[in-house]
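J.: Chains as they are written, first to last, in my numbering: chain L, 1 to 206; chain R, 1001 to 1397; chain W, 2001 to 2507.
A few of these clues could be false.
To be verified - No more than 20 Å apart at the CA atoms, straight line, and that leaves these computed lysine to aspartate or glutamate pairs for EDC-like:
(1) L:LYS25 - W:GLU2431
(2) W:LYS2295 - W:GLU2431
(3) L:LYS26 - W:GLU2431
(4) R:LYS1242 - R:ASP1220
(5) R:LYS1351 - R:GLU1299
(6) R:LYS1351 - R:GLU1068
Said to hold, decoys possible - With the Cβ distance kept under 7 Å, some of the chain L side facing chain W (calculated, not the full set):
(7) ARG51
(8) GLY66
(9) ASN70
(10) GLY135
(11) ILE137
(12) SER153
(13) GLY155
(14) PHE156
Stated by the list, open to error - One side of the interface only, derived from the structure: several residues of chain R facing chain W at Cβ under 7 Å:
(15) GLU1110
(16) ALA1141
(17) VAL1145
(18) GLY1174
(19) ILE1175
(20) PRO1177
(21) GLY1228
(22) ILE1229
(23) GLY1230
(24) GLY1249
(25) VAL1251
(26) ASP1254
(27) ALA1262
(28) ALA1265
(29) ASP1280
Hint data in this document are derived by calculation from the structure and do not stem from the laboratory. Predicted model only: the values in this text are computed from it and were never measured. Beta carbons: idealized from backbone N, C-alpha and C, even for Gly.
Each chain, letter by letter, is given below.
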Amino acid sequence: MSEQRTGRDGTDLDAGPPPGRFGRKKQEIVVAAVMLLGFLYLRIRLVEHVRGRRGAAYLDPDFWPGLLLNAGIVLALVYLVLAVIRARRPDPDLPAVPRKPVADAALAEEEDHHHDVALSGNPVALALGFLLLFGYIWGMTRIGFVPSTLLFSAGFLAFVGERRWYVITGFPVVLLGLMLYVFTRLLVVPLPRGRGFFVELSTYFY
Amino acid sequence: MRIRSKALRSAAVMISIFALVACGTDGDNGEAAPETEEGGETEEGGETDGGSQADVLAAIDEIVAQVEAGELAYDPGSGEDEAIAALREAIPQPEGYPGRPIEILIGFGEGGGSDNYTRNVGRDAERILGQRIIYNNMPGASGEVALGHMFTQGTDGYTIASSITNQVINDALGIQPYSFVDDVAFIIRQQGPTEIYWVPTDSEFETFQDMLDYAAENPDQVRVSGSGIGSDDEFRLLALGKEIDSSFGFVPFDGVGGRISALLAGDIDVLHETAGTVMDLYEDGQIRPLAYGGDIVFEDIDPDIPSVADLGYPVPTGRWRGMVAPKEVPQEIIDYLHNVFYASAQLPAYKEYEVEFLQHVAGGYLNSADFEAESRRERDEIAALAEEFGYDTGQLQ
Amino acid sequence: MDFLTGIGSVLEPMHLLLLVGGVIIGLIFGTIPGLSGITAVALLVPFSYVLGAEAAIIMMIGVYVATSTAGSLAGSLFNMPGDVMGAATARDGYPLTLQGQAGRAISMDITASAVGGLIGTLLLVMIAPQFLRIALRFGPPEFFALAILGMTSVASLAMGSLVKALLAGTFGLLMATVGLDPVSGAVRFVFGVQPLQGGIDFIPAIIGFFAVAEIFHALYYGTGSGGYTKEDIKKVPRFALPSLADLKWTWKTMIRASLIGNFIGMLPGAGSTVAAFLGYGTEVQISKDKSKFGKGEIRGVVAPESANNAAAAGSMVPLLTLGIPGGAVTAIMLGVFILNGLRPGPLLFRDAPEIASSVFGALFMASVVVLITGLLLVRVLLRLLTIPFEIFSTMVLVFAVIGTFAIFNRPIDLWIMLVCGVLGFFAKQYEFPVSALVLGLVLGDIAEIGLVNGLNVTRGSWSVFFTRPFTTGTMGIAFVLLLLPVFFAIRRKRNAETDEPVSEQLI
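Turn these sequences into a full structure, and let the hints guide you.
T.: So this is what it looks like as structure tokens:
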């Protein structure tokens, strides 16, 4: 998976932000700002987020988190300042930072001919993948482990590009069978059973 | 074509891996798995109007006496024996319950005190119920994660929870979105507190009174460890400190390990800990008891040591364990479960466990109504203590 | 206790069979991304009734030792470690896999583990009583100092930018504060989600940070895993012995890390998790050329491996002598002892000496078995790298979900895993070292409880953190480890001029 690192570094460090896209350096500023704001918010509203007894021990329960948040604020500030400095520095003509990992990764990549080098990311695929997993977890407590796993693994297989129908239908069944065997017969894991009708269904399996 | 063979091969690899796992353990599993039975005959014994609770309990006691006398065959390894059959006959069963496995939520991890209690009382209960019990260990927040989960499950009596004193305390402190005492149906309490005040053998405190005298003159300097602020340990010490017009230096540790090594290393002076946990260190001569934490003197350990209640000090709470269900579960089912667990706890399998873990010394059985009343009393007493000590349970002013 | 008797007992055919079976189960569970060693150990609990105490414990030790190794194999192969220890190994193991040297990485993984386990066991047999005496003096202040020492490794985990490593570490420490505070009982950072009161356990977090994040990453960039072909695998010999050059280059590292790991493992409550990071961090800090670490330095694979296996041996000491488990796996083992009517503690050696010697014998033999089966399995394991992405990613996510759930049976852990997956994706994207985050998560409780209770046991005296011999010593080592790289850097600068701008190193 080295190619994307090169891709990323290539896009962001060597050539600068592609036109119309939010460049890496600007993204870093946003990340730093988000962290800073997050830490600041928690620090200011700390009292609301730490509810419990104060004055019982030598240190209150908000002492340690407070300390950490202070450290976080300082660090995030440093990060922000450095990110801003970096973004404002004009891009040199040469590849800016000939750092070792890039070189190593490039080396590794030469042996690696199986995949096309993907230069930019695909946020839609990421979001869909996230949603599928989200749905799996959300559904598991409602319809139980068996149906949710079948639906998810078939759906995810199709989503990542599997096109053979017998794999899409067969693999989830095999996978589920193994999981059920190992986790409910060998191990005694009380897998989620869902609610209502699904409880009956799940009880049939484990 | 190439991709396909890759896929098949990898699937084959995975399958063979799992087959290996399966082979490695399958042979043993047949014997280890609990006997499961079909719930077919459950309606049979459904004489729900068969006498009052007292009669049922008397009948159970009689059967247990017969088992102990060897008149009824009893074999915890079998599916059903004479003892279990007699108990099923004696315990009136609600219509159609239980028709499927019952899930018991345990708020602590495998191998801990709550887990041991639940699984041991469950061994014979499972046979009486004629249904599998699913033990669901869901550790976190001293049992509150499991309890919170119970409230999100059905109220049909198929999901119940094994609970501990901390639930009452957390209720008194008001840090949960629900109220334990008001929102659960109490089924049965089966274990009472067995905590003892321990000191290292070479401690300068010869008696409990020595310790109290020193603490009275040096507020905050006697370091006593227990399991976290807002635990039964802390409230016992708060009450004790109040009585001698002083206070203890309470040092909370979240694990038994930390507590014991801190005691042996001399970082704390007194350990407030259940008997079963540290019995080995006691027998090895590394620690000795100062006083029994509650109102019972454990003859089996050392009859010459007083209990805190004997010495005239208040004991607001102690670590008990019992079963609860959501409030909405029908009373009929609560009664039935009470009787099942009551019976199971009288049978030899559980009794042996109790002795092994030194739980028999404290008794602790309370029926549904007494369990509820006692929990209410504890909650009120703790809430009063918390108020008195300015225990800040919510936002800071 | 007789060590040789123990080995003899383990060599009985039945026991040996169980040990090998345990090792194989452990290797399999540990290597499958998304599953963890704890699951495998838990698997055996029900069988301990049938097997009897001695046999059950021998088998369980086989699993335990094997999973300490295998969690790192998953880390090296897929950057999807099954346990905290693997998170340290993945730092250098995964780059090696990317460079086409997966065979080298995992054969060294296995060798270093076995060496760590053997050294750890021998130390255990020879000087355990002395070590234990020191470990027992470890009160809360010492644990705080230890946590500080552990945190010095954060610097060694940086991927170019120190600020980002520190930010990640701080965030990890903050994550550890979520939930009901074990000391004060306060509810912290739960944002109204009741089940979060149980806190964030590191297993769901790690599965999210590594396995799930890795899949998200692959989805985003449209690249699959592995990229190894049949031909690549064929290049690896059937019995993949590590090269002599590698052994020569790393033997000092193995010994050093084993000593560190063994001692840390003995500390009740610290466990092998901290050991792996300390082993790694120390190695990085004392090495004269840090620049190779994190990019496939074989010593970076060896150090955490030796440390964590030596720690696994070390963690038997508090378990057997005091009945105190040092980590999640030993806690389950304690349960098995108790289920079989054995109570680990000072009386175990008197009442059941054969069990104690079996434990030591099994630890020793398990390391040997891991070495042999492990090296035999290298090619099979590498074959996992040829699984097509469609199948692989689906399996990993299902395993991740079930593996996360099976540990505590808590639905909330699945959500924690998902959130950590997203966080892990962004951390990777912006080059924050996730391992520093995990380190923070592991050390958070140790540090805070050590600090708060350190003040509690001394009734408010801050000086305790600097005046007790072990706190002074540990803090001193931490200080030296922090300064060493600076020292080396200065010396290097004198020798050869480097011209990287300061801001490049920081950000």
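J.: All hints, please: hold or fail.
T.: Consistency of the hints with the structure:
no., hint, in the structure
1, L:LYS25 - W:GLU2431, "holds, 13 Å"
2, W:LYS2295 - W:GLU2431, "holds, 13 Å"
3, L:LYS26 - W:GLU2431, "holds, 15 Å"
4, R:LYS1242 - R:ASP1220, "holds, 12 Å"
5, R:LYS1351 - R:GLU1299, "holds, 17 Å"
6, R:LYS1351 - R:GLU1068, "holds, 11 Å"
7, ARG51, "holds, 5 Å"
8, GLY66, "violated, 10 Å"
9, ASN70, "violated, 10 Å"
10, GLY135, "violated, 11 Å"
11, ILE137, "holds, 4 Å"
12, SER153, "holds, 5 Å"
13, GLY155, "violated, 9 Å"
14, PHE156, "holds, 5 Å"
15, GLU1110, "holds, 5 Å"
16, ALA1141, "holds, 4 Å"
17, VAL1145, "holds, 4 Å"
18, GLY1174, "violated, 11 Å"
19, ILE1175, "holds, 6 Å"
20, PRO1177, "holds, 6 Å"
21, GLY1228, "holds, 6 Å"
22, ILE1229, "holds, 5 Å"
23, GLY1230, "holds, 3 Å"
24, GLY1249, "holds, 6 Å"
25, VAL1251, "holds, 4 Å"
26, ASP1254, "holds, 3 Å"
27, ALA1262, "holds, 6 Å"
28, ALA1265, "holds, 5 Å"
29, ASP1280, "holds, 3 Å"
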